[in-house]
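Visitor: So the chains spell out like this:
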Amino acid sequence: MELPLYRIDAFTDRMFGGNPAGVVPLSRWLPDATMQAIGAENNQAETAFFVPDGEGFKLRWFTPTVEADLCGHATLGSAYVISEFMQPGRTNMWFDTRSGRLTVTREGDLFTLDLPLRPASPVEEPAVGAALGAHPRELLASVSYLAVFDTWDDVARLKPDLAAVAALKLDGVFVTAPGRDGIDYVARYFAPGAGIPEDPATGSSHCILMPYWAKRLGRKRLRARQISQRVGDFDCELTADRVKIGGRAICNMRGSIFVDG
Amino acid sequence: MELPLYQIDAFTNKLFAGNAAGVVPLKAPLPDATMQSIALENNLPETAFFYPEGEGYRLRWFSPSVEINLCGHATVATAFVITEYLERGKRAMSFETRSGRLGVEVKGDVFVLDFPTRQIKAANAPQVGKVMGKQPAELIESYSWLAVYDSWEDVASLKPDFAAMSKLALFGVIATAPGRDGIDYVCRFFAPKAGINEDPATGSAQCVLMPYWAQRVGRKRLISRQISSRIGDFDCELAGDRVKIGGRAVCYMKGSIAVAD
Chain R
1 MELPLYRIDA
11 FTDRMFGGNP
21 AGVVPLSRWL
31 PDATMQAIGA
41 ENNQAETAFF
51 VPDGEGFKLR
61 WFTPTVEADL
71 CGHATLGSAY
81 VISEFMQPGR
91 TNMWFDTRSG
101 RLTVTREGDL
111 FTLDLPLRPA
121 SPVEEPAVGA
131 ALGAHPRELL
141 ASVSYLAVFD
151 TWDDVARLKP
161 DLAAVAALKL
171 DGVFVTAPGR
181 DGIDYVARYF
191 APGAGIPEDP
201 ATGSSHCILM
211 PYWAKRLGRK
221 RLRARQISQR
231 VGDFDCELTA
241 DRVKIGGRAI
251 CNMRGSIFVD
261 G
Chain C
1 MELPLYQIDA
11 FTNKLFAGNA
21 AGVVPLKAPL
31 PDATMQSIAL
41 ENNLPETAFF
51 YPEGEGYRLR
61 WFSPSVEINL
71 CGHATVATAF
81 VITEYLERGK
91 RAMSFETRSG
101 RLGVEVKGDV
111 FVLDFPTRQI
121 KAANAPQVGK
131 VMGKQPAELI
141 ESYSWLAVYD
151 SWEDVASLKP
161 DFAAMSKLAL
171 FGVIATAPGR
181 DGIDYVCRFF
191 APKAGINEDP
201 ATGSAQCVLM
211 PYWAQRVGRK
221 RLISRQISSR
231 IGDFDCELAG
241 DRVKIGGRAV
251 CYMKGSIAVA
261 D
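Those sequence lines, one after another, are chains R and C. The working numbering puts the first residue of the first sequence at 1, with every later residue one more than the last. The working numbering puts the first residue of the second sequence at 1, with every later residue one more than the last.
Watch out, some of these pointers could steer you wrong.
[To be verified] No more than 20 Å apart at the CA atoms, straight line, and that leaves these computed lysine to aspartate or glutamate pairs for EDC-like: (1) C:Lys254 x R:Asp260; (2) C:Lys167 x R:Asp161; (3) C:Lys14 x R:Asp32.
Calculated directly from the structure, the hints in this document are not laboratory data.
Just chain R, with the same shape it has in the complex:
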């Protein structure tokens, strides 16, 4: 059986930037083991699989080893494939997922995801600064840690002890600092415990980052940059209990895969 495979760089408009996602449009589900094998073979952070469901879609994400609960960049990648190649001109898409219904809207080249907030509260845990190799001015936590530093350069030059980060109580550390030159804040994300030493561009990070920065800066629309090696760019907006996360995408690869069945 021949299936289409796309590789989309999400949260960027530059070749080889952002976060790559595999995207496999299906007419009906494949066996879970086949989707997992494709996720492993692609070896991208996530491969998305979707099937039509009425006017919307059912969407699942697979890392190389497990099915994932929530993935922003592969959802953006899926929306890009639909509105660019499958149903050109479509500007509103919804996906039923393990994390409920996710909606994506497109305006021009900007795709906007709508995700729930995960506000963080202050915690005291010196092990986090020790693992990062530098102590933040503020430490908060929700599902992950949020370590706030004073400057862009503080964040850029962090070289965490990944084994020590993996041993922390919570999964993953977001690090952040104020931005400059039209960028409101910068961030990086380390999740070695989940097999991701550093994620290149993390949509869901803004569920934690936006409540913090919107309050600190007194504005609800903010521009964020993830200063990983690949660099991710986000246009975010805080609403009552949700965050809208906007990003661009480009198609890096289009092809066919050949699987049994």
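Got chain R; can you put chain C on it based on the hints?
Guide: Coordinates of chain C only, in the frame set by chain R:
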């Protein structure tokens, strides 16, 4: 600019098995930085790039982070793409590489690499057995350690301490034992120092294994299986100071990638 990209599983005749390689046929060289970016985007163990040169081809291999000196499975994958898609029916080809000229012969569905043997000598280093979690019956020193166990199950059940292994002298550890049911020997290959905790199918390991097993078994043609989670299969022949390493390949993906001109 659009370039073709193939993803081939080498040293197997089964999809999702063997060792995955990206293969990018070129008409002329690309800038090194572009090849490195493509390899990082592919995120496969190696991506091969080749273009016509003289009577044969120039071949280069990139891991996601660096250009590498020698790669068997991506060479098999390249030969597969040439005979299957580009010059159907071609039975022999030669590649100019960082490791000199490499010839590949095609015999039926088997691609035969011609590699130099590696020197081997008995060694006494109990720390190797310690990081492997089990002392081998015999220890050999080559470019990597060769740890010889008594049984297939001994090798299959190894759970090495990768952090400790990356502190050993030498490149990595090859574990091996006698085979059964038509397989002469089994092996696994660990190279955490190079960022590969366990390699799925390693052509070049046979350059160490064949001098050892040919002498022990008293035959020059041996069937080898790498019992990683993906499984690699090799038809090997010792010929003086060379090893002929035969393997099959299957195409997982055929597509095109977009890169800046």
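Visitor: Next, verify each hint and record whether it holds.
Guide: How the hints compare with the structure:
1. Distance hint between Lys254 (chain C) and Asp260 (chain R) is fulfilled; the C-alpha atoms sit about 16 Å from each other, no more than 20 Å.
2. Taken as a hint, the Lys167 (chain C) and Asp161 (chain R) pair is honoured in the structure, with Cα atoms around 17 Å apart against an allowance of 20 Å.
3. Between Lys14 (chain C) and Asp32 (chain R), the direct Cα distance comes to roughly 19 Å. Compliance with the 20 Å bound is thereby established for this hinted pair.
Against the hints set out earlier in the document, no violation occurs for any number.
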